[in-house]
Structure formats: structure tokens, C-alpha cells
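Chain B: place on chain A using the hints.
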Amino acid sequence: MMDRSFLSQPEVIAASRKFVCIRLATYESAEEAAVMSRIFVGRGGRLENTVFALLTPDGQTPLSRTGRSPDFAFRDTTEMVSAMQRIASQYTPRVTAPDVPVMANLRVALDVAACDHLPLVVLSSDDLRSRVASLVWSDAIIGRAIYAVASGTDSMSAISGAAGKTGLLVVKPDVYGLKGTLVAAVSPSRPDQLAVALSDALPQRDMAREHIAEGRAQGIRWHFEIPVTDPQGNPDGTPRFGP
Amino acid sequence: YHEAMKKSIFMVLVSFLLSLPASAAGGGIQWYGTWEQGVAAARASNRPILLVSGAPACRSVPGIW
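So the protein sequences, as listed, match chains A and B. Here the first sequence is numbered in my numbering, starting from 1 and rising by one per residue. Here the second sequence is numbered in my numbering, starting from 1001 and rising by one per residue.
Bound-form chain A, shown alone (with noise of 0.2 angstroms):
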């Protein structure tokens, strides 16, 4: 289960915008896989669902204790907070040239909008990157949506409406993530407009009780790209134990 006690607090937010944050999704790269289970693996030495670190620019020293989260590694979000703020003052960041943050592909970033319960927007070719990353990173829109590219190997079709349009598509996504709906088409030139837009598309929140429930009584499966080795959970993503 994501974390919902640290990595939404204010204070922890502020603090993370001298970060670059990453976030992957776990079972879903096999070369991901081996980065994280280089920073932090179980008792039983294998990739578990959920992992956490604060590392070193080139990303192969850690800079906190490592876990499955933050709580592994501090007791509340002040001493989390006053780390964050002493090693980002050990850094001088540099002035780069903004990009888009995306996920990998279509299909994971319309589930990790659902689960969020934020829009997803979808630049409809990759030449917009550019045009809209400072767009992305301004303090209107920072945090608010999570991104992803068209390519030539993802389907539009589970977007309903999306078809020939170009832009900033803004998707809401169905609860279950597995289908969205087009709620704009923003063009580049109009950054009014996406702010607008992204308030439009917010995704409807249940109960995770019954979100889980539903799911399962309907025969919603999340499909895995790499086998699940979490003690927790079979190589299908079913758990081991219960129902």
C-alpha cells in the first residue's frame, strides 16, 4: 500500500521540491526491479511491493536508512522534513532545461491516476514535451496530474473520445484505472485552459474496502509485467493467504 501518512503532508510536499522525486511502479520493469532491489529488499532477499529511499544525485548511494517507506526510516514527517532540508543544502542544484515527468506507458499511467485520484494528461506526440514542461513545473499545475506520452505501441482505445484529438489530453480515469474518458483537448498555447481542465477531470474516490471488493466480485485483474515476489502476494498478484 502507497504511504498516505508522509508523502502527503504539506510540510513533506514542500520539502520535496528540491528533490528529484521518482516513483516507479513495483512488477511492472525488470531492469526497475533490479535498481530498487539493489536499494532495499525483504527478510527473504526478494523485491517487496513497496520501497523507499533518499539518494545521491546519481541515484546509487542511499542518503537515509532505506525501507518499504518513509516511517522505516523516521519517526514522523519533522524528522523527515528537517533530513530532506539538510541534504538538499548540501547540494547546489544546477539550471536544467525542464522536462515533462511521464510514465512508461499508457497503460500504467491511466491505473496510477486512478490510484492517486488525479487527471491524466496525455501529450498527444512527443514533440509537446518541450513546448509544455515549464507549464508542467509552474505552481498551478505542479503535483496536480500525472503524464504520459502517445506512442505508436499504446492504445488511445481505452480513452473514450480521444480519438484524433492532439494536445493536452486530459483524461479522467475510471475508478479501476483501466479506462478513462476525455474531458479536454487543450491546445499548448492555452495554459489557462489545463488548470481549468485538470479540475474538471478529477476521478471519483471510493472506500478502498469496497474499491477491493467490487473489484474482485467483478473479475477486475491488474495484469503484472514481472512476477510479484512480495511474501504477501502470489506470482499472479493474488495474495496468499484469504480469499
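All the given hints hold, so there is nothing to weed out.
Distance ranges between label pairs, derived from CB positions:
no., chain 1, residue 1, chain 2, residue 2, range
1, A, Asp139, B, Ala1044, 19 to 27 angstroms
2, A, Ser151, B, Ala1044, 18 to 26 angstroms
3, B, Ala1040, A, Ser37, 15 to 23 angstroms
Because the hints were derived from the structure by calculation, they are not lab data. We put the beta carbon where it would ideally sit given N, CA and C, even for glycine.
Positioned in the frame of chain A, the structure of chain B alone reads:
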């Protein structure tokens, strides 16, 4: 006495509301979704990395961490 109580309650309420943390500018944490893109950004900008991972499905049901 009642007026004093009302005023006290009002002051406590105002103090509580003012003590609530203000939201960070913008929304939540802005995440890079791949290791490749994120570590490239970190190296180029010389900023440390906040790394987390999670399976975007619970008990194999998607749409929830």
C-alpha cells in the same frame, strides 16, 4: 460569564484554524514515473532523489495502491 466563555471558545477556534498547515504551492509531490528519466534529471540538476515504489494494485485489483 457566558460572554466570556463564548469569546474563549471563539479564540480557541481561531487559533486552531490558524495553526492548520498551509498547503504547499501547487498540488502534491510531482513524480517522475521512470528510473531512467528521473535519475537523468537528478544528475543533470545535481539534486538528490526521493525514491518510492508501489504496485498500482491491491490484491490484484487496480486503481488503488
